[in-house]
Structures are given as structure tokens and as C-alpha cells.
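As you go down the protein sequences, you meet chains R and S in turn. First residue of the first sequence? That's 1 in UniProt numbering, and the numbers climb one at a time after it. First residue of the second sequence? That's 1 in UniProt numbering, and the numbers climb one at a time after it.
Treat the hints as calculated values from the structure; they're not laboratory data. Glycine included, each C-beta is placed from N, C-alpha and C at the ideal position. Be aware that a few hints might be false.
What the hints assert, rightly or not - Below, a sample of chain S positions facing chain R; criterion: calculated Cβ distance under 7 Å:
id : residue
1  : Phe244
2  : Pro291
3  : Trp306
There are 2 protein chains.
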Amino acid sequence: MATTLVRCREIVRKVSVIALKYQFDNCMSQGFRAQSTVARSLVYPEYGEPSKVIQQLEQPLAAPKDNEVVLRMLAAPVNPADINTIQGAYPLKPPLPAVAGNEGVGEVVATGSAVKALCVGDRVVPKHTGWGTWRTHALCREDDLIKISKKLGIIEAATLTVNPCTAYRMLKDFVKLKPGDTVIQNAGNSACGQYVIQLCKVWGLRSINIVRNRAKIDELKCFLTDLGATHVITEEETKKLDLFKSGTEPKPKLALNAVGGKNAMEMLRHLDNGGYMVTYGGMSREPVMLPTSALIFKDIRCVGYWMSRWSKINVDSDERRRMFDELIGLMVAKQLKAPLHTVIPFTQFQEALSNTINPKGFAGTKYILDFQCQ
Amino acid sequence: MATTLVRCREIVRKVSVIALKYQFDNCMSQGFRAQSTVARSLVYPEYGEPSKVIQQLEQPLAAPKDNEVVLRMLAAPVNPADINTIQGAYPLKPPLPAVAGNEGVGEVVATGSAVKALCVGDRVVPKHTGWGTWRTHALCREDDLIKISKKLGIIEAATLTVNPCTAYRMLKDFVKLKPGDTVIQNAGNSACGQYVIQLCKVWGLRSINIVRNRAKIDELKCFLTDLGATHVITEEETKKLDLFKSGTEPKPKLALNAVGGKNAMEMLRHLDNGGYMVTYGGMSREPVMLPTSALIFKDIRCVGYWMSRWSKINVDSDERRRMFDELIGLMVAKQLKAPLHTVIPFTQFQEALSNTINPKGFAGTKYILDFQCQ
Numbered sequence: 001m002a003t004t005l006v007r008c009r010e011i012v013r014k015v016s017v018i019a020l021k022y023q024f025d026n027c028m029s030q031g032f033r034a035q036s037t038v039a040r041s042l043v044y045p046e047y048g049e050p051s052k053v054i055q056q057l058e059q060p061l062a063a064p065k066d067n068e069v070v071l072r073m074l075a076a077p078v079n080p081a082d083i084n085t086i087q088g089a090y091p092l093k094p095p096l097p098a099v100a101g102n103e104g105v106g107e108v109v110a111t112g113s114a115v116k117a118l119c120v121g122d123r124v125v126p127k128h129t130g131w132g133t134w135r136t137h138a139l140c141r142e143d144d145l146i147k148i149s150k151k152l153g154i155i156e157a158a159t160l161t162v163n164p165c166t167a168y169r170m171l172k173d174f175v176k177l178k179p180g181d182t183v184i185q186n187a188g189n190s191a192c193g194q195y196v197i198q199l200c201k202v203w204g205l206r207s208i209n210i211v212r213n214r215a216k217i218d219e220l221k222c223f224l225t226d227l228g229a230t231h232v233i234t235e236e237e238t239k240k241l242d243l244f245k246s247g248t249e250p251k252p253k254l255a256l257n258a259v260g261g262k263n264a265m266e267m268l269r270h271l272d273n274g275g276y277m278v279t280y281g282g283m284s285r286e287p288v289m290l291p292t293s294a295l296i297f298k299d300i301r302c303v304g305y306w307m308s309r310w311s312k313i314n315v316d317s318d319e320r321r322r323m324f325d326e327l328i329g330l331m332v333a334k335q336l337k338a339p340l341h342t343v344i345p346f347t348q349f350q351e352a353l354s355n356t357i358n359p360k361g362f363a364g365t366k367y368i369l370d371f372q373c374q
Numbered sequence: 001m002a003t004t005l006v007r008c009r010e011i012v013r014k015v016s017v018i019a020l021k022y023q024f025d026n027c028m029s030q031g032f033r034a035q036s037t038v039a040r041s042l043v044y045p046e047y048g049e050p051s052k053v054i055q056q057l058e059q060p061l062a063a064p065k066d067n068e069v070v071l072r073m074l075a076a077p078v079n080p081a082d083i084n085t086i087q088g089a090y091p092l093k094p095p096l097p098a099v100a101g102n103e104g105v106g107e108v109v110a111t112g113s114a115v116k117a118l119c120v121g122d123r124v125v126p127k128h129t130g131w132g133t134w135r136t137h138a139l140c141r142e143d144d145l146i147k148i149s150k151k152l153g154i155i156e157a158a159t160l161t162v163n164p165c166t167a168y169r170m171l172k173d174f175v176k177l178k179p180g181d182t183v184i185q186n187a188g189n190s191a192c193g194q195y196v197i198q199l200c201k202v203w204g205l206r207s208i209n210i211v212r213n214r215a216k217i218d219e220l221k222c223f224l225t226d227l228g229a230t231h232v233i234t235e236e237e238t239k240k241l242d243l244f245k246s247g248t249e250p251k252p253k254l255a256l257n258a259v260g261g262k263n264a265m266e267m268l269r270h271l272d273n274g275g276y277m278v279t280y281g282g283m284s285r286e287p288v289m290l291p292t293s294a295l296i297f298k299d300i301r302c303v304g305y306w307m308s309r310w311s312k313i314n315v316d317s318d319e320r321r322r323m324f325d326e327l328i329g330l331m332v333a334k335q336l337k338a339p340l341h342t343v344i345p346f347t348q349f350q351e352a353l354s355n356t357i358n359p360k361g362f363a364g365t366k367y368i369l370d371f372q373c374q
């Protein structure tokens, strides 16, 4: 029975890959001039464990027509949401077979005759979530891309659209914060957490950052303090926190939660009356728990934030452009650094996947796939 | 040791009662003409179990001066929040010794020389929470009172400022509902729940009402359906609810939670994307639990509502007057009925307290103290 199931899955996989090849071939048969460029993509023909379902696919690329462009991808990160998407455990389900990856940076290498806003050599990031960034080259419409400054470093550009934007919006959209106000967050060492710390510093906000206790906790505390954290405390230290009782620190009006469970409940205890807890992750896999009295008598509001929803609603909004410009400006001025990362050749993607699922190191590291160093 | 503690408490109680008497006597010694009227009040000199700390206090009442009026109290309910206030377990802590009771209706029997807006015979309710309604008579400033229509029944008037207002605001202030929209609530048989059902009916909204299973469940379902409930379901039925899946019912945009724990989590599963869960009670004594995915991907917002906070902020607002006028209009037109209740002579308050702490009957009953039938 189990053997039959495995065989069935194998057949589904093969059929799906054949279907993907057909899409490419069909595209080429429309009469566009095929180039000598071969695109190599990380494709999943069905949902499942990334190490099992992801496979490399090689296809010669068609020439761009009309408003199409050809991109040479430079780098793309491996985010936890990419893993969940491949597993089929994410609400966004790209039609299968799909190219993996949701963000990354590319360079325009050829343009169709009707392309207006892009030139060869321009740097671009995808406009939409689920575009499929884990590939050496791509043929797409110019309208699917956002042009960005070449002054921006490759790593910062590859990781621009998810984590720094999530941190930016969570600090802007729920509570009107003014310099001197305090923000509290858990998962302070996550990629998003590191941007929260840095943006707080830039905007004159104080940040209390909760991290899990670990072997090299002092090293992590130093690292986050250097980034700009006002305080870094462990989960255990959260319980006996007296910063707010003693009046040393104004009570936070905003709590950012990527953990859930008891961790989030402890964090919430320190929130000021009328404050917001914004949930954007659930690493503990436990539900968010709210004491009834905090909701009723302290008027605490508990909401969620999903970057993909915001980006979809604001896909071409001025606000999105303003946010990108501000973030890029801060990155170019070295006021925002990319989070801890490890660059790895694209062909070693299995290592990146495995280490993203089971993080190593004192603060975790973000794996960046490099498509030009193979 | 235990005996000493009991004696200490007894001394505290006596001293506090003496202090209260001193307040009255001091008031009378200012030269106001004492009347033959004796005010009997239910007073607690310290926080504790109501059956132990509440005592009757008799005091002759001073004549009203300037902008003062003398009230003859007609009726006042025993609300769970009154019990919690006496226990010291409520965030509002009136200075001790205090007269118990937070809402009720009285009739003006004498007015001071500078009173402008009230006449003898007018019906009034207290403007502020914690005013102390459990007494036969009261001397207070006219500005502490709200005049209401004499057309309103005594029971409806006595219970006007808490439950119908809570239901009204929760249905108005979080989600913009239009006729045909659905609201889901637990504790559908509570005093507030009964008003939610009736206001939904008046405003053309559909209501799904969750109640605990019990001996006479069919009787309760009939009672709530007669009030205007669209559906009445038990907690167990909530889990297998397919009203929304089958498209029979539009998904609710608003959930009202007075229970917490798993009950609230089950209710939340049926909420539409972007919907609000408003918590105003926690009968299960368990925290509110929110699946992380509901917050992030369904954009569910979880907030609290506290009538006392709203009333304090809106104490003299036009919005508060409009709400009272609309509710009173509906009550006079018999479109809003007072919840199930039992009227009991004021002197039998111990029975009312005990039955409020441990409710009896198929839907619970609200005890109303009658101050004129002794």
C-alpha cells in the first residue's frame, strides 16, 4: 500500500514536471527567438517537504517580446514563509508546478520592444508575492517588477520586500509612536526583529527585545545592543521585569509578537493601557493567549499583520513607493543593515533549506542563494 | 492566629461604619434641616464576600441645599459587576465605606433652592458608575443624575445604564453592520445577550447565539427564539456548525464574547475575514485563545469592551443621550424587553446576592431590589 502511494507520488511528480516543460516549450513555439541562455529553476511540482519535492529544472529561455524583459537573478533569500509555501502550509498557494521563492533581486539583461520603464542593467525586485525568485533567469512582464537603486547592496536588495517592510509597517500602522516611546517585541533576533531594533533607533524609539535563553546569550545581547536595542532580555527575565514598575522606562504602547503562547502573554502584561499587540508569527506553535481583564479593563487590542496582504492591497500605492524609498535611503546610508546572513551558491540550496528549517548559530542566519556564483 | 485575624477584621468593620456615620452626622451638623426621612443603605466598610461584609445602615437624611436633590430609590439590580466591586476584585474601587450598587432608578422627592433641571416627581438614573444605588433614599447633586421618561417601566429604568447600553455599543462601535449581516455571540442567555438578540432583531441583523447545554435546553432555545434569535446552538453544536459552510448564513463579521477559553476559540473559527471579536466578560475564567493563523491570515481583530470606560469618556456626550433616547424609545414601544428577572424586597438582599453568585433557573435571572415594598 505504502509502495503504491510512493509510486503514485512519483508519477504525479513526473507528470507535473512534464507539464512545466510543456509550458516553456509552448511559450517558445509561439515564434519568439530562442536565446542561448539556459534558465535553471528550483521547481516544486507538488506540495511537500522541500528536500523531497524541490528539483532543478533547466530550460532555454525565449527572447522577450512586447513589454517583457529577461532578468538575470542575482540573489534571493530562503525565508520561513518560502518553506511553508512549498509545504502547502501557507495560505498563498501558487499554481503547480511552481518556481519557489518569494523575494530576490535581478538585473535586466534584455527588453522587449514595448518596454518603457526599464533598461538593460537596471536592478529590479518582484512586485508580487509568489513570483518565484529561485532561478538563474526569468522572462516576465515589466509591470511585474519594481526598479530599485543600484546603490543598494545585493543582499539588502534581495531581502528588501519582506522583513524590513514588515518591521516598517508594524511600527507605523497601529500606534502613533513619537520619539521616546517604547516598543516591546519577542523574537528580537529574528530577521524582522533586527529591522525593528534598527528602525526604532533611527526613529528615536526605545526597544525592549525578548530572546530565548541560549548558550551564547551574552554574545547575542551584545550583537543586538550594537544594532541599537535599548534592552535585550531573556524569556525568564521578562517575568520579573521591573523596568516599567520602577518608572525607568515608559510602558510600551506597541508589542510585536512572532512567538505566541505564554511568551506573548508575559510580554502583553507589560503593555500600556490601550496598547496594541501585533502578531506576525507563531514560532511556539501555541495560540496567542489573552487574559480577559487585559482586553476589558486595560483596553489591549490584539491584531495580526501579514505583509503579503498589505503588499497586495498597496501593490502600486504611493505609500509603498515611499516606504521603499525611505528603507533604501536608510540602507544606502548604512543606518539599516541586512540581518545576519550566509551567502551560498544556488546549487547548494538543500543546505540552505535544511538550515532554515533547523536553524544553527547563536542568532540564526538567513540563507541567501547566489545565482551567479556556481 | 485565625481568631486574632477575625477580631481585627471586626474592629476594622466597626471603625469603618463609625466613619460612615460621622460623614452623615458631619453633613447634618453643617446646619441643614434634618428631615424625618430615614435612609436605609447597604454598605460595605471593607472589601470581601458580600454576604459577610454588606450591612444595613440607617441614617436620617439632611434636607437638600443649593443644587442638591433628595431621591427615593425605586429599584436597583444586582449585577455580577456589583458583586465583584464589593469583593474588591473589580478595577473600580469606590472609597470605603461605600454604598453598594452601580445602577438603579429613583424619584426626586425634594430639591434644593438652586436646582434647575429637575422637579419633584422626576425619574432619574445615576450618571456615574459607583454612585451607590442600593439604598432607600439618597441626597446628591442634580448634576450626578440623568432625567429619564416616566413612560419607561421601573424595571427597564433600573437596568438601563449597563446591559442594554453594552449591547448597543458593541453592535455599533466596532463593525459597520448593515441589515442582513450576521452577529455571533456566546452567553446568549445572559442579560446583555438578551439585549443583543433583541437589538439585532430591531436593526435587521441575524444573530447566532451560543448557550451552554442544560436540562431544559429546548425551553431556553424557545425563549431566545421568541426574543428574536435567528439561531440558538449549544457549545457542542458550535463545533460542527455548518450554517456558514453551506452558505445558509452569511459569515459573521462580529463575535461577542463573555465566556473566553475554548468556547470563544470555537466561536472565532466561524468569524469572517477581517471580523472583530469583542470580549466583555470571562465567565469560564480561562484566557481568550486566538489561533495565530486567524490573526495573521484572516485578519481577525480581538478587542475588549468595558461599559464603565465608555460611560466615563462619554459622560455628558450627545452620543450617550442619543443612545438613551433610542433605547428608551424601543423599550416604551415594547420592542426591547427587560431580561428575565425576579423582584425581591430590598430587605431580602442576601437572597439576591447568593442567587446572583450561584444562578438558578433555566436561563439565570436578574435580581431587582425593590426599595418601596418592604
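Status of the Phe244 of chain S interface restraint (C-beta, 7 Å, chain R): violated, 18 Å
Report holds or violated for the interface hint on Pro291 of chain S, using the least CB-CB distance to chain R and a cut-off of 7 Å. With Cβ-Cβ at 5 Å, under 7 Å, it holds.
Hint check: 7 Å Cβ-Cβ cutoff, Trp306 of chain S to chain R: This interface hint holds because 5 Å falls under the 7 Å limit.
Taken one by one, the earlier hints fail for this structure only at number 1.
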